[in-house]
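J.: Same order as they appear, the protein sequences are chains A and B.
Quick note on numbering: my numbering labels position 261 of the first sequence as 261, and the sequence is numbered without any gaps.
Quick note on numbering: my numbering labels position 319 of the second sequence as 319, and the sequence is numbered without any gaps.
For the record, the hints were derived by calculation from the structure and aren't laboratory data.
Facing chain A, a subset of chain B residues (Cβ under 7 Å, in silico): (1) 297; (2) 298; (3) 520; (4) 543; (5) 546; (6) 547; (7) 548.
All C-beta atoms, glycine included, are put in the ideal place defined by N, C-alpha and C.
The lines below spell out each chain.
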Amino acid sequence: MDTAALIARESFVERSARARVAGLLDEGTMRELLDPFERLRSPWLGLQDIVTQADDGVVIARGAIDGTAVVCAAIEPAFQGGSMGEVGGAKIAGALELALEDARAGKPVIPVLLLETGGVRLQEANCGLAAIAEIHAAIVALRAHVPVVGVITGPVGCFGGMSIAAGLCSELIVTREARLGLNGPQVIEQEAGIDEFDSRDRPMIWSLTGGAQRHACGLAETLCNDDAREIANAVSRAVAAPAREPARLRDIDTHLARLQAVDPAWRAEAAWVRTAFASKQDENGSPA
Amino acid sequence: MTERKWTTRRDDKRARMDSVASWLDAKVLARERVPDALHALIRSGDRVIAEGNNQKQADFLSRALADLDPERVHDLHMIQPSVGRPEHLAVFEKGIARKLDFAFSGTQSHRIGQLMMDGVIEVGAIHTYIELYARLFVDLIPRVVLTAAFKADRDGNLYTGPSTEDTPALVEAAAFSGGIVIAQANEIVDDVSQLDRVDIPGSWVDVVVEADKPFYIEPLFTRDPRHITDVQIFMAMMALKGIYAEHGVMSLNHGIGFNTAAIELLLPTYGEKLGLRGKIAKNWVLNPHPTLIPAIESGWVETVHCFGTELGMENYVAARPDVFFTGADGSLRSNRAFCQLAGHYAADMFIGSTLQMDPDGNSSTVTTSRVSGFGGAPNLGCDARGRRHATPAWANLAPGADPMARGRKLVVQMVETFQAGLKPTFVDQLDAVTVAERAKLDLAPVMVYGDDTTHLLTEEGLAYLYKAESLEERRAMIAAVAGVTPLGMNADAATTRRLREQDKVRLPEDLGVNRTEATRAQLAASSIADLVDWSGGLYEPPARFRSW
Numbered sequence: 001m002d003t004a005a006l007i008a009r010e011s012f013v014e015r016s017a018r019a020r021v022a023g024l025l026d027e028g029t030m031r032e033l034l035d036p037f038e039r040l041r042s043p044w045l046g047l048q049d050i051v052t053q054a055d056d057g058v059v060i061a062r063g064a065i066d067g068t069a070v071v072c073a074a075i076e077p078a079f080q081g082g083s084m085g086e087v088g089g090a091k092i093a094g095a096l097e098l099a100l101e102d103a104r105a106g107k108p109v110i111p112v113l114l115l116e117t118g119g120v121r122l123q124e125a126n127c128g129l130a131a132i133a134e135i136h137a138a139i140v141a142l143r144a145h146v147p148v149v150g151v152i153t154g155p156v157g158c159f160g161g162m163s164i165a166a167g168l169c170s171e172l173i174v175t176r177e178a179r180l181g182l183n184g185p186q187v188i189e190q191e192a193g194i195d196e197f198d199s200r201d202r203p204m205i206w207s208l209t210g211g212a213q214r215h216a217c218g219l220a221e222t223l224c225n226d227d228a229r230e231i232a233n234a235v236s237r238a239v240a241a242p243a244r245e246p247a248r249l250r251d252i253d254t255h256l257a258r259l260q261a262v263d264p265a266w267r268a269e270a271a272w273v274r275t276a277f278a279s280k281q282d283e284n285g286s287p288a
Numbered sequence: 001m002t003e004r005k006w007t008t009r010r011d012d013k014r015a016r017m018d019s020v021a022s023w024l025d026a027k028v029l030a031r032e033r034v035p036d037a038l039h040a041l042i043r044s045g046d047r048v049i050a051e052g053n054n055q056k057q058a059d060f061l062s063r064a065l066a067d068l069d070p071e072r073v074h075d076l077h078m079i080q081p082s083v084g085r086p087e088h089l090a091v092f093e094k095g096i097a098r099k100l101d102f103a104f105s106g107t108q109s110h111r112i113g114q115l116m117m118d119g120v121i122e123v124g125a126i127h128t129y130i131e132l133y134a135r136l137f138v139d140l141i142p143r144v145v146l147t148a149a150f151k152a153d154r155d156g157n158l159y160t161g162p163s164t165e166d167t168p169a170l171v172e173a174a175a176f177s178g179g180i181v182i183a184q185a186n187e188i189v190d191d192v193s194q195l196d197r198v199d200i201p202g203s204w205v206d207v208v209v210e211a212d213k214p215f216y217i218e219p220l221f222t223r224d225p226r227h228i229t230d231v232q233i234f235m236a237m238m239a240l241k242g243i244y245a246e247h248g249v250m251s252l253n254h255g256i257g258f259n260t261a262a263i264e265l266l267l268p269t270y271g272e273k274l275g276l277r278g279k280i281a282k283n284w285v286l287n288p289h290p291t292l293i294p295a296i297e298s299g300w301v302e303t304v305h306c307f308g309t310e311l312g313m314e315n316y317v318a319a320r321p322d323v324f325f326t327g328a329d330g331s332l333r334s335n336r337a338f339c340q341l342a343g344h345y346a347a348d349m350f351i352g353s354t355l356q357m358d359p360d361g362n363s364s365t366v367t368t369s370r371v372s373g374f375g376g377a378p379n380l381g382c383d384a385r386g387r388r389h390a391t392p393a394w395a396n397l398a399p400g401a402d403p404m405a406r407g408r409k410l411v412v413q414m415v416e417t418f419q420a421g422l423k424p425t426f427v428d429q430l431d432a433v434t435v436a437e438r439a440k441l442d443l444a445p446v447m448v449y450g451d452d453t454t455h456l457l458t459e460e461g462l463a464y465l466y467k468a469e470s471l472e473e474r475r476a477m478i479a480a481v482a483g484v485t486p487l488g489m490n491a492d493a494a495t496t497r498r499l500r501e502q503d504k505v506r507l508p509e510d511l512g513v514n515r516t517e518a519t520r521a522q523l524a525a526s527s528i529a530d531l532v533d534w535s536g537g538l539y540e541p542p543a544r545f546r547s548w
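Here chain A stands alone, though its shape is the one from the complex:
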């Protein structure tokens, strides 16, 4: 790559949630819902001596991408590790439910979810989990009407209940710096031991949960470089696509058969995982 191109390249990962959204939307169309001036803060963090944020770390904005009406929900990676609390979670769930009403009324608004989150905010426990469940339900309902677009770029990645939300999207866009997994590395190490999963072994972690691996396994549709323009183009293609159920969500039996083939005594390795995901179900219902 020539030096001028390297200097001109703008990182998406670097951007704040608000700047990410602004960069995706058509110029002049961004209209934030429940913006920071509404001062909708977490009622729980203050009680635990944690400084709150006036938008609870979630940006919701209406606007257009190539003229198509969209609603963007972006989680701010720099606030509390992108954790999902009651307020932030409800903002996303509410935005999705409004989009569902619009879709049912024949005025489609395409949801775009920018997911940088360690999962539920531990300080808010069940309140956050309840919101995450609502988000899941809304995505499933929306998918019948419109494409639901998910984007994970890093630096946080997408973990916990929100990794399920990512998995439910019609199209998932990732970078190689992104990570997608139900449990984060430290949690796995704590639960399974350092021999099973060394949370400081960064190449190993990315080899299993990184964007390139998830893409190679078919768990994400699009792999992009950390280039704001490239990611914006991928989002705009996904927004323009028809409503659909992605392949990875259709064939549940194949996935179950793949799971059956896993011996938990093995230490998972990237190449083996790719092979397992490449296996197709044969006629007897077991993986080939």
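Given the coordinates of chain A, work out where chain B should sit on it, guided by the hints.
T.: Frame of chain A; chain B shown alone:
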């Protein structure tokens, strides 16, 4: 009159070598013989160097040293550029060694501080590198040197390659004074033709042994751009305008911190916008910092001479021989002694950071819980009084038109007014003073003295300390940029105004540096992955820095 014997050192060496001769095949010692050989070659009270460099560590031999029997070998006087391995301190705890002269203690800084205060280690002095090498030829002549190489042949020729670092200085001091040189190598080959090149001739080396595993090397100079803050970028912008451009700094050394990494990453962007390419920062004395890659690739950097290497930069450096000093084999040749000399006599500027600064401008990274030593900073961060050549930047600091007026090296301290944990950088008295009292040091371990510091840059502004006309004025200039630290709160507003009018202190607005422009978007590379892209895939970052 009895005839004086002139060969006692040589005779003593011969006797020691004779006692191990039967274990040597040419100069090769079998690994399992190392404990016996060290017991035979090292005597109580010897001055011993266990090569601990900034990066490369003769760790196989230092582990063997720590396993010596303290009944047989004790009271060693260790001389170490860097105390970087746990076993470097274990030799004191076990009673094998008693006295230590060193320069840097990076990763062991907390433990060494404790052992000094507890009286377990008797410290001679905390040196700057080149000062320690100098003493190897005067009053700290070593008896035994334990060194490390990538490869050796059976005759003792060593290939130290990119990690040559301190080896030539250390080996020379022993090899030509009747001392014994023992080298560990990752690999021993039969013939010199199988070495990539010869960095140390075999006749300087007495014993070679193949290590159980490759020598440890610390990636000390890799700074992940991801961690550079907007404040550091803001200060970097002030530095480029108010110092680099102001004085036309051509040759320089950068410290190891994120502040200067930010400057390196602003050259191709902000520096380019200011039209400074080719006018500043062309000749560097610097380790191969990964964060320098964008500046090199965009044509800012003419040459770099290196103290040591940096893990992962090997292929990149080898592919840029116009910029880096490389051998006939293509790999980097580092040499800390020469590079420190270059930084002392031939560099326009040193710019680095500190943990504490006192009201007079003295600064130190030593705190009561951490004795890190300073490595090269005291040497790079001082005026070269013996210098007799002028460069524009150096001459620019000369006072007035006196025909005898001399220029000065720019010595810049670039610090935020508060450290981590909201500790003020500016303190009434350096912790170094307390440490000197408790550890019975002759000198308080000061890194850079106030009278050598020509510029102080904080996020509040830039003080041109070399323009101070009195100690009192220097203090006022420091206070003027000390922000809301206790020292800064005592700054007199009228004095600060006068200092600004006299161009002795410049605030960001005086420099035309806009706070809102100081964002990470200014960085030519914002992650390690970006640096890999800039290097065309030649830079191979260590695993711990990867996030893909």
